[in-house]
Every structure is written in C-alpha cells, then in structure tokens.
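Keeping their order, the protein sequence lines are chains A and B.
Numbering follows our numbering, with no gaps: position 8 of the first sequence is 8.
Numbering follows our numbering, with no gaps: position 21 of the second sequence is 21.
Some hints could be false.
As the list claims (entries may be wrong) - One-sided and incomplete, this derived list gives chain B residues near chain A with beta-carbon spacing under 8 Å:
(1) Val27
(2) Ser44
(3) Leu116
(4) Leu120
(5) Asn199
(6) Pro200
(7) Gln201
(8) Arg225
(9) Leu230
(10) Glu231
(11) Leu238
(12) Ala397
(13) Ser400
(14) Trp440
Claimed, not checked - Calculated cross-link-like contacts (lysine-lysine; reagent style BS3-like; alpha-carbon spacing at most 27 Å):
(15) A:Lys57 to B:Lys115
(16) B:Lys447 to B:Lys143
(17) A:Lys57 to B:Lys176
The set of hints was computed from the structure by calculation and includes no laboratory data.
C-beta atoms are modelled at their ideal positions from N, C-alpha and C, and glycine is treated no differently.
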Amino acid sequence: MSPFFRLLAKRLGTSLIVLIGVSLLIFAIARVIPGDPARIALGPNATAEAVLALREKLHLDASFLTQYGYFLADLARGDLGISLYTNRPVMTDIAQFLPATLELVLVSGLMMVAIGLPLGILSARRRGTWVDHTIRLVTMLGVSAPAFVWAVVLMLAFSYFLKIFPIAGRLSDSITVPSMTGFMLIDTLLAGNLRAFADAVWHLILPAFALALSGIGQAARLVRSNMVETYERPYIEMAEAYGFPEKRIARRYAFRPSLIPSLTIIGLDFAAMLGSAFLVEAVYAWPGLSRYGVAVILRKDLNAIVGTVLIISAMFLIVNIIVDILVSIINPRIRLSQRAS
Amino acid sequence: MTSVLKTIAAALLAATAFCAHANAETVLRLDESPVGELDPAKASDYADSILMFNLYDTLVIPKQGQPGYDPFLAASFESADGKTYTFKLRTDVKFQSGHPLTADDVVFSFDRMMKLGQGLSYLFENVEKAAAIDASTVKFTLKTVYAPFISALTRLPIVDKALVLQNLAEGEGDMKDWGQAYLSTHTAGTGAYTVVSHNPQEETVMAKNADYFLKVPAVAPDTVRLRYGLEAATVRTLIAQGEHEISSQWLPPEVLKSLAADGAQLLTEKGTTEFYIKLNTTKPPFDDLECRLAVTYAFDYESGVKMVAVSDQVSQGSPATGALPVGMLGALGGEPLKRDVEKAKEHLAKCKYKPEDMKVELTWIGEVPLEERFALLMQANFAEIGIQAEVRKLPWALFSEQVSKPENTPNISQVFVNTMSGDPDTLLYSMYHSSAAGTWMSPEYLKDAEVDALLEKGRTTLDEAERAKVYEAANKRLIALAPSIFAQDQTAVFAASNKVSVPALSDPAKAFALAGFGFNFRLMEMKQ
Chain A
1 MSPFFRLLAK RLGTSLIVLI GVSLLIFAIA RVIPGDPARI ALGPNATAEA VLALREKLHL
61 DASFLTQYGY FLADLARGDL GISLYTNRPV MTDIAQFLPA TLELVLVSGL MMVAIGLPLG
121 ILSARRRGTW VDHTIRLVTM LGVSAPAFVW AVVLMLAFSY FLKIFPIAGR LSDSITVPSM
181 TGFMLIDTLL AGNLRAFADA VWHLILPAFA LALSGIGQAA RLVRSNMVET YERPYIEMAE
241 AYGFPEKRIA RRYAFRPSLI PSLTIIGLDF AAMLGSAFLV EAVYAWPGLS RYGVAVILRK
301 DLNAIVGTVL IISAMFLIVN IIVDILVSII NPRIRLSQRA S
Chain B
1 MTSVLKTIAA ALLAATAFCA HANAETVLRL DESPVGELDP AKASDYADSI LMFNLYDTLV
61 IPKQGQPGYD PFLAASFESA DGKTYTFKLR TDVKFQSGHP LTADDVVFSF DRMMKLGQGL
121 SYLFENVEKA AAIDASTVKF TLKTVYAPFI SALTRLPIVD KALVLQNLAE GEGDMKDWGQ
181 AYLSTHTAGT GAYTVVSHNP QEETVMAKNA DYFLKVPAVA PDTVRLRYGL EAATVRTLIA
241 QGEHEISSQW LPPEVLKSLA ADGAQLLTEK GTTEFYIKLN TTKPPFDDLE CRLAVTYAFD
301 YESGVKMVAV SDQVSQGSPA TGALPVGMLG ALGGEPLKRD VEKAKEHLAK CKYKPEDMKV
361 ELTWIGEVPL EERFALLMQA NFAEIGIQAE VRKLPWALFS EQVSKPENTP NISQVFVNTM
421 SGDPDTLLYS MYHSSAAGTW MSPEYLKDAE VDALLEKGRT TLDEAERAKV YEAANKRLIA
481 LAPSIFAQDQ TAVFAASNKV SVPALSDPAK AFALAGFGFN FRLMEMKQ
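Throw the hints in and build the complete structure from the sequences for me.
Here is the structure:
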C-alpha cells in the first residue's frame with residue numbers, strides 16, 4: 001500500500017473510533033441534562049398518559065445500554081429518530097439545516113485563508129514597520145472579540161447605518177429558488193438565476209466575515225510568527241546572500257515551511273467554526289445546524305442532540321483528515337514516515 | 001440621441017409599472033421566540049396560537065371589546081342543563097381543500113385532540129364525548145356541569161377529517177398516527193390563511209385563503225411571514241430599516257423603548273396574563289402564613305411596574321389587584337396591591353421563624369432574563385425587613401422537574417401564567433386547587449378546603465353574575481392566604497412599524513380577552 005493510502009486508512013480508522021466514543025459520550029451526557037424529555041417535548045399541559053406513552057416509545061425507561069443498542073440499530077438503518085423539537089425525522093432536519101451552516105463555514109474558511117494568510121505574509125515581510133504594527137493590531141482585535149460581538153458590530157455598521165448589506169436571512173423575501181442542494185449559492189446557479197445568486201452572495205458576506213474575523217486574525221498572527229522565525233534560519237540568510245529576489249525568498253523559502261504548523265491550526269479553527277457558528281447564525285437569522293443544535297439542547301431533544309453532535313464531529317474529523325493529507329503533500333517527510341512505519 | 005432618451009424613458013416607465021405591481025402585494029413580517037407548531041391539537045404557546053387562529057377556525061370566538069363568546073363556525077348553540085351542548089354548524093363553510101365542514105369534522109377534531117393528549121387537551125377533560133346528530137349538528141356531552149366549556153371551545157380548532165384520513169402515516173390502530181406527520185407541515189383548516197411553506201427553524205409563510213367563508217378584506221396582508229427565534233438586536237435593526245412589521249412581546253423594555261423613540265407604534269394585549277411570585281407553602285419559612293404575608297407586604301409593586309415601563313404611557317406590567325388580571329371575570333376592583341413595610345414587619349414579628357434564621361432560596365427562570373431583575377428587587381425588599389435571600393438561576397427544564405416534589409421546590413419561584421381560554425378557571429384551578437399541586441403552575445402546594453370549594457363552585461355555576469361573585473370570593477381568600485405575591489398584571493407589548501394597523505391590539509373597544517387572538521391577520525390593515 002502506498003504511504004498516502006496507508007496514512008488515509010490510519011486516519012479513517014482512528015476517526016471511526018473517535019466517532020463511536022463521541023456517540024457514547026454524547027448519548028450519556030444528553031441523558032444527564034435535567035428534565036424529562038417527553039414532558040418537555042409534549043409541553044407542560046400534556047396529559048400524564050401522553051407523557052408515559054412517549055417515554056415508552058423513546059425507550060426512556062430502559063437501561064442506558066439498551067437505549068444505546070436501539071440507537072445503534074436505528075443508526076445502522078440511517079435512522080436518527082424523530083426530533084421532538086420539529087416533529088420531523090432528525091435526518092430531514094440535518095439535511096435541511098446542514099447545508100446552510102456548511103455554506104457559511106466554507107465561505108468563512110475561504111475568507112480566513114484568502115485574507116489571513118496574505119496579511120500574515122505581508123506582516124512578516126514588513127516586520128518592524130508600521131505595516132506590521134497595523135496588521136498586528138487589527139488581527140489582535142479580530143482574535144480578542146468573539147464572533148457574536150463582531151456580528152452585532154458589523155450589522156450595526158454595514159446594515160443599520162451604511163445600509164450596504166442585508167440584515168438577516170439567506171435570500172431576499174421577494175426571491176424564491178427551488179431547493180436542490182440546500183446550498184443557496186449552488187441552487188441559485190442551478191436555477192440559472194444570477195440575480196438570486198448575487199442576492200445570496202450579498203446575504204452571505206456579512207455573517208461569513210463576522211465568523212471568519214477571529215480565524216483571519218489567528219491565521220495572520222500564526223503565519224507571521226512562523227515566518228519571522230523562519231527568516232532567522234541560516235538558509236534564508238544564505239538565499240539572501242545569493243541575491244535571490246525578496247519575493248522568491250518569502251514565497252519559497254520562508255512561507256512554505258511556515259505553512260505546515262499554520263495549516264494544522266487553520267484546519268482546527270475551520271472545523272471549530274461549525275460549532276461556534278451558533279451565535280452568528282442567531283444574530284443573522286441564519287437557519288443553520290449550529291442554531292438547531294443549541295435549540296435542541298435547550299429542549300432536551302435527545303435524538304436531535306446526538307444526531308447534531310455526531311454530524312459536527314464527523315465534519316471535524318473530515319476536516320482534520322483533509323489537513324493531514326495537505327500537510328503530508330507539503331511535507332514529504334510525514335508521507336514517507338508512513339512507509340518507514 | 002432622441003431615440004435613446006425615448007428608450008430610457010420607456011424602460012423607466014416599465015420599471016415603474018413593475019414596481020407598482022410589486023407593491024400591490026402586501027407582506028406582513030412578524031416574529032416569535034420558539035418554533036411554531038402547525039398541528040392545532042398540539043398548539044399551546046403564543047406562536048402556536050397565532051398559527052392556529054389564522055389557519056383554523058373554532059366553533060366559538062371571544063366577543064370583541066367585551067366579555068363572552070359568539071358562535072363562529074357554529075351558527076348557534078344551546079344547552080338546557082349545562083351538561084349537554086348542541087351546536088348547529090354554518091352551512092357555508094368549506095375547508096381549504098374544498099371539503100364542506102360537517103359535524104363529523106368537529107367530532108374527529110375533538111377525538112383527535114383527546115387521543116393525542118397534548119397541547120391544551122386538558123381543557124376538555126370534563127367532556128365525555130362529542131357526537132354528530134346530523135351533517136350539521138353536533139352534541140357535546142359533559143361528565144359534569146362545567147361552566148368554562150364554551151370558553152374552552154376557543155381552543156378546539158376544527159380539522160378537515162377527510163384530508164387527514166387521506167394522509168395518515170405509520171402508527172398503531174385504524175387511525176395510525178392521527179395525521180400527526182402530515183399536520184406538522186401542512187394545514188387542514190378552514191382558516192383565513194393557508195400555509196405556503198414551513199421551515200420550523202426559520203419561518204412559516206402564509207397567504208390569504210381566497211375562498212374564506214367570511215371573505216378576507218383587501219386591506220389585510222396578502223402574505224404573512226412568521227419568523228422564529230430572531231435576536232433582539234436583529235429585530236431592532238429590521239424594524240428600524242422597514243424590513244419587519246411587528247416584533248414579538250419578548251423584547252427587553254430598553255429595545256422597545258428605543259424602537260418607540262424611532263417612531264414605532266407600541267401594540268398591547270392586556271387582561272390575559274399575570275406575573276406570580278410563588279411561595280412554597282410546605283417548607284419553612286413560608287409554611288407559616290405570617291411569613292408569607294410579611295413578604296407580600298415587603299414586595300415593592302410600584303417599582304416592579306416601573307422596572308418594565310417602556311414609555312410614560314406603556315409598560316409591560318400594570319398594578320395587580322389580586323389573583324386575577326384586572327378585567328377578567330372575578331377580578332377585584334379598587335386599590336391595587338401596595339407595599340407596606342410596617343405591616344410586613346408586624347407580620348414578620350408574628351412568624352414562628354426568626355428572620356436571622358431564614359435562608360430563602362429565590363429563583364428565576366434562566367430563559368426569562370426579566371425575572372432576574374425581579375429577583376434582585378425582591379432580594380433588596382426582603383433585606384429591608386431582615387430576610388436574607390439567595391438568588392439562584394434555574395433553567396426551565398430543571399424547575400419543572402423540581403416542582404414535582406414539594407421538598408425539592410424552591411422557596412420562591414417566578415412564573416408568568418396566561419389564561420388559555422380567557423376563563424378564570426384555567427388560571428386559578430390549575431394553580432390553587434389542592435388536586436393540581438406540583439406542576440409548574442402550582443409550586444405553592446396550597447391546601448385549603450375553602451379555596452377548593454370555591455373553585456369547584458366556579459366550575460359548576462352557570463350564571464355569569466353568580467360566577468363572578470364566586471371568583472371574587474376565591475380571589476379575596478387567596479389574598480388572605482398569600483400563597484403567591486400577585487406581582488403585576490402582564491401587558492404584552494409589541495413594537496410595530498406604522499405600515500400596519502392592528503385595531504385588536506391598539507383599541508380596547510376592539511380587543512379580545514384571549515391571548516394571541518388579536519393576531520388574526522384578517523383583522524389587520526396594511527398601509528401602502
């Protein structure tokens with residue numbers, strides 16, 4: 001087996017073990033949250049008989065392991081049960097809400113890379129100058145304030161005062177587009193409706209930027225510090241002594257080695273956005289999975305809690321696998337170490 | 001050059017015509033906190049009620065601007081003995097599916113609600129059965145005389161039986177799932193509005209029912225978008241930008257105040273909800289009546305009302321006179337409850353517990369941040385008479401679990417209770433009858449034979465004037481027993497843009513004594 005596939009198989013194997021562990025953990029934690037899920041689902045005025053019937057239907061009186069067994073059996077059939085919050089299959093809810101969050105997080109991730117990395121590089125190349133100081137100050141602001149603060153500040157500035165961007169939602173009320181993939185940018189293009197596409201982009205910019213700001217700051221600072229460290233290395237000095245152009249030194253000899261640790265952190269940041277998107281989704285009325293996740297936790301919707309956490313964990317693991325693969329491509333030593341092992 | 005100018009002018013004219021056409025469609029956008037439940041048999045909270053009152057109709061509805069009920073889907077109704085009620089149905093009503101309304105639909109709607117046992121089905125526990133006499137006559141037989149029955153019918157939406165039977169999903173018995181899956185995403189009513197789309201986390205879009213039996217006025221909104229779970233900051237910005245018409249009642253007073261300052265109108269709904277500070281009568285120190293009376297006199301009612309004031313004229317609370325909101329049957333007239341520190345000290349001196357030995361647990365529901373302010377107000381008020389209270393935040397789920405046992409129930413808890421049908425029975429019986437103890441509505445665990453007897457009499461007295469006297473007596477007895485601090489009558493305040501007029505929420509002569517009924521979209525007027 002080639003080193004690449006060996007690395008992939010290893011990562012997939014460990015991811016599966018992690019997923020099983022997460023499912024057990026979240027299954028247990030969801031049952032520790034105070035309150036009877038059947039009573040919460042049916043409302044404070046439901047009859048005792050209705051509550052008992054629902055408890056029985058959900059196997060809530062069975063032992064923990066029996067309940068987990070039922071869960072695994074259903075999961076094997078692709079059934080995560082019915083959400084007591086929306087009264088629909090959890091899979092339907094996830095299929096409806098996940099694309100909205102993924103779209104938001106993907107665009108935020110793109111912003112993080114497209115803005116954060118160049119800022120970091122520029123800051124490292126102009127280290128010690130006013131450009132460096134300004135970038136460090138701005139990125140510090142991005143890192144120090146949580147995404148929901150930025151969400152409100154950006155909304156006030158660009159929606160309320162300047163009236164440049166819309167306030168809430170994924171599309172203007174006057175536009176309707178048939179949902180095919182759930183990704184508004186793709187659906188509008190598939191529908192051939194460029195006006196709707198532009199409207200979807202217009203709605204996406206502010207929430208995605210609010211969510212990305214912390215990551216942009218993090219990525220810029222990380223790239224800068226790694227590059228500044230690399231600039232101290234003797235081979236950079238040697239490259240300078242050879243008279244290589246400054247741009248080439250930065251791109252080829254300073255940036256590439258600095259990218260490896262940065263990429264790992266950026267990958268983690270990117271995956272973490274899936275969970276932390278909640279507050280941005282709440283402020284911009286974005287109907288995504290993170291918002292759904294918090295709502296189902298508050299209502300002790302057991303099936304939906306487990307389903308949402310599993311999906312977010314799976315996404316986290318997928319992003320990590322992608323990062324591992326990218327790192328192994330950039331750094332052949334990691335790839336080759338698989339062959340040695 | 002001239003032809004270019006002509007072309008531009010023509011394009012502008014066409015655009016103007018297009019815009020004029022677009023403007024002809026009126027859209028009402030409003031929001032509510034939780035997810036809206038479309039299934040009318042499960043409707044219980046405010047968002048559900050708004051949906052229910054617009055998508056479905058009921059046999060009777062509350063009278064506008066006065067107490068009592070008018071027939072609605074029923075043409076008339078009668079009862080000779082208070083145990084059986086016969087309703088003649090209107091013959092001109094059709095469901096949105098086109099099926100005509102029949103007595104079978106009424107019986108099915110009742111049976112379905114009772115079988116599911118959710119939402120407000122408890123209002124019909126005293127009903128033995130519903131039976132169709134003929135296609136347009138239906139008879140309800142009660143187990144005993146139950147005076148609030150007619151008011152309860154405002155919560156029995158009539159469902160299209162044929163349509164539901166065509167859409168049964170997996171389940172046990174002949175009725176399978178009773179159409180639960182179908183009705184969680186579709187409507188099967190006669191209502192003035194129909195569902196266009198429903199995303200439980202985003203919004204429900206509704207449009208006028210062109211075939212509505214009463215005809216929906218042209219000025220009523222063509223499309224309604226009921227949005228869910230919007231943040232206060234988002235609603236504030238949306239209304240200010242003209243992208244949202246009516247806020248929910250859950251906005252903090254400061255946000256309402258700033259919207260009003262920007263020119264938004266404030267809509268109000270009164271007389272259906274009261275704010276109760278509940279004292280656990282089974283645990284020290286509030287198992288002693290004198291201690292309970294001490295804290296009821298120590299509480300600063302006036303500051304409580306000022307704390308939730310939105311403007312000089314509008315507040316989210318008004319002074320309470322007793323256990324029932326002012327305006328409701330059995331509510332007491334006269335002076336509102338007032339703070340009297342001297343009396344509080346007198347009662348405290350008679351209490352068998354010494355203030356220095358008391359450790360009062362004062363809780364507030366985590367999901368209702370406003371209650372924290374009342375908790376802090378009480379803490380300061382009680383400290384003035386020497387009672388030390390520890391403020392604790394309690395999530396709703398934990399609170400509703402704790403109150404099932406008196407020993408786990410906090411000394412003090414705070415609850416807003418709303419009458420589900422406009423009848424005092426739905427407030428007082430569920431809170432103070434000894435058989436009802438141990439729910440979120442009754443963490444007082446009050447056991448008093450006189451209160452029980454009065455509340456039972458209230459249920460069986462059919463004469464309205466006589467009933468009013470019974471509830472007034474119960475009200476006075478409750479003030480004397482002080483199981484709760486009757487903190488204030490709640491006023492639901494909604495900020496609204498001036499693009500919409502809602503007479504039922506702005507003119508007392510057109511108001512309805514039923515929470516959420518003022519949100520009948522067909523009674524609203526959109527301004528172009």
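- [ ] Report the numbers of all earlier hints that the structure fails to satisfy, in ascending order.
- [x] none
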